[in-house]
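Colleague: Make the complex out of the two chains shown on their own, each in a separate frame, by following the hints.
So the sequence lines, in the order shown, correspond to chains P and L. Each residue of the first sequence is one higher than the one before, counting from 452 in the working numbering. Each residue of the second sequence is one higher than the one before, counting from -15 in the working numbering.
Calculated from the structure, these hints are not laboratory results. Computed from a predicted structure; not experimentally measured. We put the CB at the ideal spot given by N, CA and C, even for glycine. One or more of the hints may lead you astray.
What follows is a set of in silico ranges between Cβ atoms, one per label pair, in the way DEER data are often shown [as the list claims (entries may be wrong)]:
1. L:179 / P:633: 34 to 42 Å
2. L:209 / P:475: 33 to 41 Å
3. P:490 / L:209: 39 to 47 Å
4. L:176 / P:529: 54 to 62 Å
Beyond 10 Å from chain L on every Cβ pair, some chain P residues (computed) [stated by the list, open to error]:
5. 471
6. 484
7. 490
8. 520
9. 536
10. 543
11. 550
12. 554
13. 573
14. 582
15. 593
16. 612
17. 676
18. 692
Chain L side only, calculated, beta carbon under 10 Å to chain P, not exhaustive [claimed, not checked]:
19. 180
20. 182
21. 184
22. 188
23. 189
24. 206
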Amino acid sequence: MNDDSVGEAQIPVVETQGVTKRFAERTVLRAVDLVVQPHEVVTLIGASGSGKSTLLRCLNMLETIDAGRISLFGQDLSDEAVRGELVRRHVGIVFQAFNLFPHKNVLNNITLGPVKALGVSSKDAEERAMSLLDRFGLKEKAREFPDRLSGGQQQRVAIVRAIAMDPELLLLDEVTSALDPELVAEVLDVVRELAHSGMTMLIATHEMNFARDVSSKICFLADGEIAEERTPEELFSDPRDPRTQQFLRTLTNAGRL
Amino acid sequence: MESSGTEIISVKVASSEATSRVLTKRRSALWRAAQQAPRALSVISVVTILVLVVLAFIFAPGARAFQETFFNLHQLRETVFGDPSLNIPPIWGAFAKNIELFMVAEPIILILALGVALIRNATSPLMAGPRVLCTIYVDIARGLPLILVVQAVFFGFPALALPFVSSRTWFQYGLFCLVFCYTAYVSEVYRAGVMSVPNSQLLAGRAIGLTEGQLLRHVTVPQAVRVVVAPLINDFVSLQKDTAIISVGAGVIELLRQVEINEQIWFTDTPFVIAGILFLIVCVPLTRLADALLARDVRTRLAGGTRPTSRRRWRARASAEEIAQVVGA
Ligand SMILES: Nc1ncnc2c1ncn2[C@@H]1O[C@H](COP(=O)(O)OP(=O)(O)OP(=O)(O)O)[C@@H](O)[C@H]1O
Ligand SMILES: [Mg+2]
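The following block holds chain L by itself, in its conformation from the complex (with noise of 0.2 Å):
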């Protein structure tokens, strides 16, 4: 009976031990196929949604018409390359102008932006009234549209009659509301920037004897540097993009307007596509690098900081025999 047991007992676990190593083996082949199944699945969706939205140009209704006013290669070819007897010009010109403005905009707003946002974190009682100040020109300016901040400046500055303020150019007009919009948001992910530096750093900075100058420099700059540049490039592609908007104020002809102009001659919506490829060009390289910047960050801080890993506060303390010990002296 006993041995029979026994025996029962062994051949079950042997089954089961047999049972169990053909589940794992299914189970890796199942792991391996969960391995790969997101990669292949995620080709074949991209692909097919990209198959969908093709022929659904193509094989639409209206897809002959839709072709004719969003891509006449024709038109095409004339916005980009311009074609004088219609008097077009060249788009690049019109383009230049964007980009002009934000090449010229993005360091003025970077270094306006960092005055604020040390304004706004200054402590000294000396700096309330500028506090005050800078807190109350970024809620406005993080509060009004760009495009309401336009037509203010374009049509009101030059009705001010104003010496200096009313005589500028279209293309300073349009640089000042950029300029203007943005450094609140800039000032905002500097600010950002420096509050994800813990505490206990500048504790550590002070406790070596740093000035608060040296501290800035040392310790809290570089550390905010690291979490600040990818938020800031997104910044920068929504300014590039932005651009666009100055068109509203006339004046300067940048690439929308531009367009727009074309668009006057043939009514067709063909140059407004040539002005989102143009956009999507310079934005989108801009928005990988934001990217790949913040996935570095993630993986550095998943790497570990300086905080340590367990605060076994009690248990680090002593052990039984060490207090046996020391009670017992």
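Bound-form chain P, shown alone (with noise of 0.2 Å):
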């Protein structure tokens, strides 16, 4: 590291501060403050109903939130001028139930959004979808439908369609937890190459493994609140904080996740 590098302050990718979320009288996210910086890739981990997704959602303003301020490259979400469609623009995500479109092939369903959203011509679309399902070892479901596909691929097929629009963030929300065990690696395997290409992203997982060997940072969510920010590290040989020893210890004992 070099003085230069220290020097140049970095715009954060994502920073919120004290992001508050209620579903009616149901508090989901508790002033959660989050810091992601370009290439850093973060993992959310927590029990069920932690509140990950939900955060995940607001990040690309699907959903709305009640309190505290979240800024994307700089640009802070709660102005006026700030549009959903434009933020999603540069903000990819990627369902735990894959949602592809079911009237479109894999190919059109890669290239809507890039023709449709940021008007590149079709053909070019095309062929940056070939790449990217070549890269992938998709180039033969091409032309098929997502219901012939198994869920692996279906899902793989989600986040080249997410990848297609060239996001300078990549939100991934338990992209494998609807899938068969072994089905799970192949999933994975894109991800980590993502993270290898120096792919900003956000990820909800319950894999603890690979959140250990992709992570930058891992957050530990408890009810809403992020309860303990560290490396992968330090977070799984020294837990602090009594909830994510509880959590650890559960699933050591559960003998699952």
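Modeller: Now the structure itself:
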């Protein structure tokens, strides 16, 4: 590290301050402060219902927040001029249940966003989609409809659909939770490759081993709060917060996560 | 002792194997029969019922009189081809009116209904007023029998003596009644179609930066159309039949009106039979089409959607070794 890079203040990709979200009476996120720097891979772990998915959706404005502030690339989202669809052209998200469009084949699933939302020509979009499909071993599936693919293939297509938009930030919401165990690896390999290529990612996951080797930082969420935010080595070897300790103990005892 | 024991057992095993082989054979024969039975059975039952119906018509005590009134060949010919001496025009002219009403009403209904459906589905507070109005309209139009609407319009509109409203042709009044009643039904079909598109699809569309308009055009409508086509055709069929109700309003000489006129000449029901046959000729192919489309839709849905088939969330999360590795590290 030279003095230059220290002196140059990087604009964080994500910076949230005191983000709070309620569904009716229920507070799902409590004053969440989170920073994601460029090329970082940050993982959210925590029990079911702790608010991981909600946090991800707030970041790309699929949900509104009740208090606090979110800025992406230095741009405050609470600004009146910020429109959700414009934010989402820069922030990709992949869902647990794939959500591919059943009426479009794989190629058209992928090119819809670039062509309609970004105004790329269909020819360029198709070329780019084919090269991405090739990179993730899905080239032969380009003309298939989603219902003809395995869950793992569908989820890889969903990831390709998100990165075809050239997002500056990719949100992954438990992308392997709906998959049979034997299909999990192929999807995680794709995510690993993206991490190595320098994609900035925020990942909600229950795959602890994966979280450990891919993350720059892990945030443990409990009841809508970030209870602990550490490097993977620290978090797993020396959890400080009693809730983190409890969570990890439960995992070990259950023999599953 | 022991050896005989095993022998007995092995004999038992052998015999039970033999029995089970026989049973399997018998079962497979039964199975084959059962496979073929439904088809044979259905052919037999359909033929039997048809034969019984025909026999009833032929051998009923009143069969002769029945044929005279309902299937009078002479009147049948006259009704269809017309008879200038009795002042009966060929039936085509009248039936063309029904077809015309249908053909003109249907596109208008399809477009207006889309408007009503979009307004009722709109969430913007600006649309609150129109939304309430549309809801009231749909409730009324679906609740009123078409025949009452026809009465009200054909006698009420001229009576109002308003500049535009009261000086329309009978055909236009008829058109208005059909459009008024059917737009409400069709808008509900549209709405059901739109609501059948799962929320996850909308999320996925938004996630790739589509605007609400693009979402409607590229995600919602194409998926809703598949659900909507068959019920829409059913409404077409019903509309085609209901063009006959316009005859209540007089003025328009459509099929039912014409056969009523013919009936007044002979006092038999043969003209009505003709009307029935003509409606069937138009409607049956449409119903078949709706059925075929519905079957196709069910098949594609059975073939699997995009939703994952299993949600083994916990099982998918991590194996024991993985945890041990992680926690031990
Ligand atoms: N649209 C909604 N309306 C009401 N409550 C909601 C809604 N979405 C989420 N919640 C609630 O918010 C809480 C957090 O949900 P969230 O989906 O963010 O949890 P999660 O950490 O992603 O859990 P999981 O691991 O099961 O995916 C849950 O208690 C859930 O019931
Ligand atoms: Mg979740």
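Colleague: Take the hints in turn and mark each one as holding or not.
Modeller: Results for each hint:
1. L:179 / P:633: 34 to 42 Å: At 36 Å between Cβs, range holds.
2. L:209 / P:475: 33 to 41 Å: Since residue 209 of chain L and residue 475 of chain P have Cβ atoms about 35 Å apart, the given range 33 to 41 Å holds.
3. P:490 / L:209: 39 to 47 Å: 43 Å, holds
4. L:176 / P:529: 54 to 62 Å: 37 Å, violated
5. 471: Label holds. Min Cβ-Cβ 22 Å, cutoff 10 Å.
6. 484: Check passes; 25 Å lies beyond 10 Å.
7. 490: 22 Å, holds
8. 520: 22 Å, holds
9. 536: Nearest chain L Cβ is 5 Å from residue 536 of chain P, so the label is violated.
10. 543: With a cut-off of 10 Å, residue 543 of chain P comes too close to chain L, as the shortest Cβ separation is near 7 Å.
11. 550: 4 Å, violated
12. 554: Violated, because the least Cβ-Cβ distance between residue 554 of chain P and chain L comes to about 5 Å, which does not exceed 10 Å.
13. 573: 13 Å, holds
14. 582: 18 Å, holds
15. 593: Residue 593 of chain P clear of chain L: closest Cβ-Cβ about 17 Å, beyond 10 Å.
16. 612: Residue 612 of chain P not clear of chain L: closest Cβ-Cβ about 7 Å, inside 10 Å.
17. 676: 22 Å, holds
18. 692: Its Cβ never comes within 10 Å of chain L, the nearest being 16 Å, so this holds.
19. 180: 12 Å, violated
20. 182: It holds, given that the least Cβ distance between residue 182 of chain L and chain P is near 9 Å, below 10 Å.
21. 184: With a closest approach of 5 Å, the residue 184 of chain L hint holds.
22. 188: Since the shortest Cβ distance to chain P is 4 Å, the answer is holds.
23. 189: Holds, because the Cβ-Cβ distance from residue 189 of chain L to chain P comes to roughly 8 Å (cut-off 10 Å).
24. 206: 5 Å, holds
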